[in-house]
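This is what each chain is made of:
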Amino acid sequence: MLTISNLHARIEEKEILRGINLEIKPGEVHAIMGPNGSGKSTLASVLAGREDYEVTEGTVTFNGKDLLDLAPEKRAAEGIFLAFQYPVEIPGVTTINFLKTAINEIRKYNGIEPLDAAQFLKRMREKAKLVKIDDALLKRSLNEGFSGGEKKRNEIFQMAMLEPTLAILDETDSGLDIDALRIVAEGVNQLRNENRSFVIVTHYQRLLDYIVPDFVHVLYKGRIVKSGTKELALELEEKGYDWIKNEVDALEEV
Amino acid sequence: MNTITDFKSQLIADFQLSQATLNGKSTLPIHQLRDEAMKNFDKLGFPTIRHEEWKYSNVSNLIKQTFDFHTKTDFKKADLKKIHLPHLKGNVLYFINGVYNAELSEIATPENKLKVIPFAEVLAKQPELIEGHFGKYANYQTDAFTALNTALSNDGVVVQVADNKVVEEPIIIRYISDVRLANVGSQPRNLIIVGKNSQVKIAEAYRTVGENAAFVNTVTEIIVGESSIVDYYKVQDESDKSYHIGTTQVYQKGRSYFYAATATLNGGFVRNNLNVVLDGEHIESHLYGLYVPNGKQHIDNHTLVDHQKPNCESNELYKGILMDKSTGVFNGKIFVREDAQKTNAYQNCRNVVTSDEATMNTKPQLEIWADDVKCSHGTTTGQLNDEAIFYMQSRGIPKKEAIRLQLLAFAQDVVSQIKIDSIREYIEKIVLAKLEVA
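Heads up: the sequence lines are chains X and D, in that order. Quick note on the numbering used here: the first sequence kicks off at 1 and runs consecutively. Quick note on the numbering used here: the second sequence kicks off at 1001 and runs consecutively.
A couple of the hints might just be wrong.
For lysine-lysine, the following DSS-like pairs were computed, each having C-alpha atoms within a straight-line distance of at most 25 Å [what the hints assert, rightly or not]:
id : chain 1 : residue 1 : chain 2 : residue 2
1  : D       : K1115     : D       : K1296
2  : X       : K108      : D       : K1400
3  : X       : K151      : D       : K1399
4  : X       : K139      : D       : K1419
5  : D       : K1039     : X       : K74
6  : D       : K1429     : X       : K100
7  : D       : K1115     : D       : K1241
8  : D       : K1196     : D       : K1125
9  : X       : K65       : D       : K1399
10 : X       : K139      : D       : K1296
11 : D       : K1115     : D       : K1419
12 : D       : K1076     : X       : K108
13 : D       : K1400     : X       : K100
14 : X       : K139      : D       : K1072
15 : D       : K1434     : D       : K1296
16 : X       : K100      : D       : K1399
17 : D       : K1429     : X       : K108
No lab work stands behind these hints: they were computed from the structure.
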């Protein structure tokens, strides 16, 4: 589904990704972990098409297409979704209107008839229940004045509405209390299926107690330095990142 | 002789001509007032950019041109199609090149509630009605354009709302500059007198038809009676070759509410003065404005909110979307007089600039002589948030659409204030179309 080969990216003069290789198959859940500044969020942003980053080397193909060649909205239409670490407030645009526009733009891109009002409403009710998000919140301006937890829940709600094939969650767990974390994880788990893949970017193992990953990768200095299964996350929780850092730094010195 | 004197002397000659046709009526107070106004205009002349109030709005191009103030037009019902507004209902009045057109106009509200009479007709039949108010509010002493209008206003309308009446049907006054044949100037003058404890919604809408230049110098005086509620909308959709100088002078009595929205959609050179005097207690004034210039359009909004008595509230929100090489000006004055304790006065001007070549000049100006007041003001001018655009794109919304949605939402705060459906839809349609090409 997604193949990342030797991906290098920089912001201004600073190289942040220095050769990422990753293969994601349909239905898989990959966790990307790593210390602060290792490039986790950059990877998420580059995949979604944020303009601030410049890809200097490497390729990313998504379902056979050159992803890096597509504008962000086209990536979304192809089935990629990014849950933002810091969801943006958009005054004057309600979540409902926003999603109606988004869904129908995506459908237009894929040559499908737009959803009518009734179909949209039906889908909205279903998905709102999934993430326990209040109707009243959806009628308000997108994220405006929402609490941190509400914003994150709204991200998962949007994901549920847009039904992507690859969802990237960028530190969705940061700033969430345990109840909100459970609701968010529960939402994600219900959306898991054999065709939908997830990339979960997180600093802590906590979220992975609830969303159990198939693979865990450790990112450090812009590269994946270790990959394993869910046990690797537990090991990181117990031992921290220093042992990995030391291993990598020692190798670099050689 | 330079061009400035040319246009000026044309106007003065025009005035002398009109005085000569008065047939001995020149001793009437109104004509003496006009005479005085003309003398003021002669003394003041057209303002230059050295004038503090005209620093950013240069009228030198306006006065280089010539305008015919007496063009006969054969604007017909069939021509209305060009300027059709869907769902237009209520009292709809048409002025073509500043002259009332009874044939096109329609008055729906019964006379016991509302009288809408052309200025000329009132002047002939009920001069005392005009004389009691004419020139009492708008400043013809030091404002050159108001002086000019006071001296030379050709027509306009007197709107009179009786006491204790709710006028359900809106009053929509449409001013058409028909410049299909020549450059046309017009100087409409309106007087809106709302009695006690009444309610009315009024819109003034300006349009240009044709390719020549138009000059509209308009003055509207509004008296809001005690405990009355008045909604007033000014909508400008004029051509790039038009010059519009307009003053709306509002005088509010105790416990009255005044809601204004000025939507400047199109116009080559626009200067709006909205002056509100709060002369009573427990008054509320709400002033909204929206301007969306593109190309080389220039839109200047000057507002003055004059708190003269205690316990009143004013609230002002002006929003601009400036595209291409357009320029905008916002100058907001708030006076809180010594007597006006417990005043709450708020002012906010927010602008989005979508091009590097567009310019916005803002100047809030608060002058407070009372000590127990709450006043605030703020202005911002910036670009749309890139992060917000990316956020919308990441959900599948193309960049252009993301920008348009955000700009529409930005304008909506003002547009949603307009309670006459046909007028609001008209504004929405034009804003949408202008943002579509942006």
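Numbered hints the structure breaks, given as an ascending list:
Hint check: 1, 5, 7, 10, 12 and 14 fail, others pass.
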